[in-house]
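**Q** As you go down the protein sequences, you meet chains A and B in turn. For what it's worth, the working numbering labels the leading residue of the first sequence as 1, then goes sequentially. For what it's worth, the working numbering labels the leading residue of the second sequence as 1, then goes sequentially.
Because the hints were derived from the structure by calculation, they are not lab data. The structure displayed is predicted, hence computed values, not measured ones. Virtual Cβ for every residue (Gly too), placed ideally from N, Cα, C. Treat the hints with care, as some may be off.
Unchecked claim - Chain B is faced by these chain A residues, among others (derived, beta-carbon under 7 Å):
(1) Y36
(2) A55
(3) E59
(4) T64
(5) V189
Said to hold, decoys possible - Label pairs and their in silico Cβ distance ranges:
(6) B:A117 - A:E217: 20 to 28 Å
(7) A:D30 - B:G92: 41 to 49 Å
(8) A:K29 - B:G92: 40 to 48 Å
Stated by the list, open to error - Stretch by stretch, here's where chain A covers chain B in the computed footprint (C-beta under 8 Å, at least three residues):
(9) 64-73
(10) 88-95
(11) 98-105
(12) 108-116
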Amino acid sequence: MKKATLYVIALVTMVILLGACVPTTVAKKDAFPLMYSERPLSILVLPAINMTTAADAKEYYLTTVAEPISYAGYYVLPIEVTTDILKSVGLPDTELVGDDHLRKFKEFFGVDAVLFVRIITWNTHYSVLAGNVSVGIECALKSTTTSGTLWNYKGTVVVDTTSSSGTGIGGLITNLIATAIATASADYVPIARRVNYMVLGTMPYGRYHPAFNADREVQIIQGDMHGHK
Amino acid sequence: MKRSLVLFFVSIFALLAGCASQNRPRYVWKDYSSSLYYIKKTPTEESLKYHKNLLLAMIEESKSSNVRVPPGVYCEYGYILLKEGKKQEAFGYFDLEEQTYPESKVFIQNLKAYASAPSKKDSAPGDNNDVKDIKDGKAEVSAAAEGK
């Protein structure tokens, strides 16, 4: 191969790579200024609002949320515990949560912010030759101090399942139940994860992130940002 | 020639590393979300036990890797113990959560008070003011919604 050809390939690859990770549209600090002024640290995740006909979507979805929030640098209260408590005290549907509740969440849970998740798409299409699964969510982070919306974003991930092989969890499949878990969750958890990382990836980093407060100029895609309501 | 190829791969690697998640807090989550998903789908004694052991493994591995135990994990483990009636052990894990994440203090204190309430079901409304407050909020919001 000629040297010149190699350089062209190299350049094109770099452009593609750069294009893939830095879509130049809006800086985080301009999109979510309140995140940088209020600097929330602790987050309570409310039961998801399910806009789809898949009744179990809401319970399943929440199992994938804590991990990406922690990687974004925030403290997230244990969703399994808080959901149980909210259920036992009779919290209304998340749709009905108002500013009064936000203040009470601050008193009881001591959190700076509350995350609302709305599941907007949850579809499985199968035909003889092809199949795909799409999961779409819309998130809003609200301050328990000012009731302001600190951050919101939405995104959808469509995955072609035609040739999907179950994603193994390396090294962990040591017994039958682990295998069963990997198989049962392969259809859905990886997709929910992808949509989470896409959506939560736009959130300014929290205090536990090494780049906390250093991501003001990071550009995010504006496309879906103000689409809700 | 060879050198330029090496340079090329090094720069590609640097670019990928730059936009991948290498720069983020370090946590040991193992297959937490898959396991949790599985107990929602198939809540058997076996799957619940697997999840409980997984939480403990996450704690142990975090310690041996010298990283913070992920948010909420101590507390979730303690909560399982609480449901098993092991209150004292449970409270120990709640304390660990608070020590690891001081911002959880308010929640942990209220959780302990909630767990110590004589009998949640039989207690008269108002025994736990914080919990009652959340309920009151509900009443207000419901009334507001009906009024519309």
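**Q** Which hints, by number, does the structure contradict?
**A** 1, 2, 6, 10
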